[in-house]
Each structure stands twice: as C-alpha cells, then as structure tokens.
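Go ahead and model the full structure; you've got the sequences and the hints to work with.
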Amino acid sequence: MTRREVVRAALEFRRPPYVPWSFRFTQNAREKLAAHLGAGELEPFLENHFVELGSDIGFFEPLGGNRYRDVFGVVWDRSIDKDIGNVQGQVLPEPTLRGYS
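Start counting the sequence shown at 193; every next residue gets the next number (this note's numbering).
Among the hints, a few may not be true.
The calculated label-pair distances, taken between Cβ atoms and stated as ranges, are [claimed, not checked]:
(1) Arg216 - Asn258: 20 to 30 Å
(2) Pro254 - Ser293: 33 to 43 Å
(3) Pro208 - Thr288: 47 to 57 Å
It should be emphasised that the hints constitute simulated quantities derived from the structure, not laboratory data. Values in this document were obtained by computation on a predicted structure and should not be read as measured data. Idealized CB from N, CA, C, for every residue including glycine.
Written out as structure tokens, the structure reads:
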C-alpha cells in the first residue's frame, strides 16, 4: 500500500498494515537530527504520511530582536524558544469581562 492508501484505510476505520505517522521537531532538534544524519532535508529519512502546508500556528510579524507579533497582537520573544517563544509582557493586564457579550 502507498502512504496515501495507509492513511485512507486508517481514516475509514479499516485495519491498515501499520499506523501512519508524522514526525515533527523543534528547530533545534531538527538541526541536530539533520547534522547527525548528514542530511540537509529530513523528509527522505522520515517518510511522513502527512504533508504540511503553510503555518499551523498562524502568521507572525517580525519586530526585530527575536520578537514577533501574532494576529492577536501578542508579542512573542523567541530568543530562548526559537519555535514558539515566550509571551512578552502581560496578555491580560487585569481580568475583566468588560466588552464581553
């Protein structure tokens, strides 16, 4: 069976010959694994069953200094965690339901 057929079998609740997989790594882990394998591209080694298109965490506006703003206006500091980052400042400075309807 092709990878596509294996995924379809699983989605249709038919017993596939094995469980389809999709490995993902943080930026640091991906770089280390690629260096270990001596590969520029990991896909030939991983043979994932799912193709990723676009960004699954949204789009970010670069602000400089490893800082990015998401579509909600939250600023993320990626100086430590290169993939997601840490929220810079307080998202909600004080709890309130004002404006909630």
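Now the hints, each set against the structure:
1. Arg216 - Asn258: 20 to 30 Å: 22 Å, holds
2. Pro254 - Ser293: 33 to 43 Å: 34 Å, holds
3. Pro208 - Thr288: 47 to 57 Å: 50 Å, holds
Hint violations for this structure: none, all hints satisfied.
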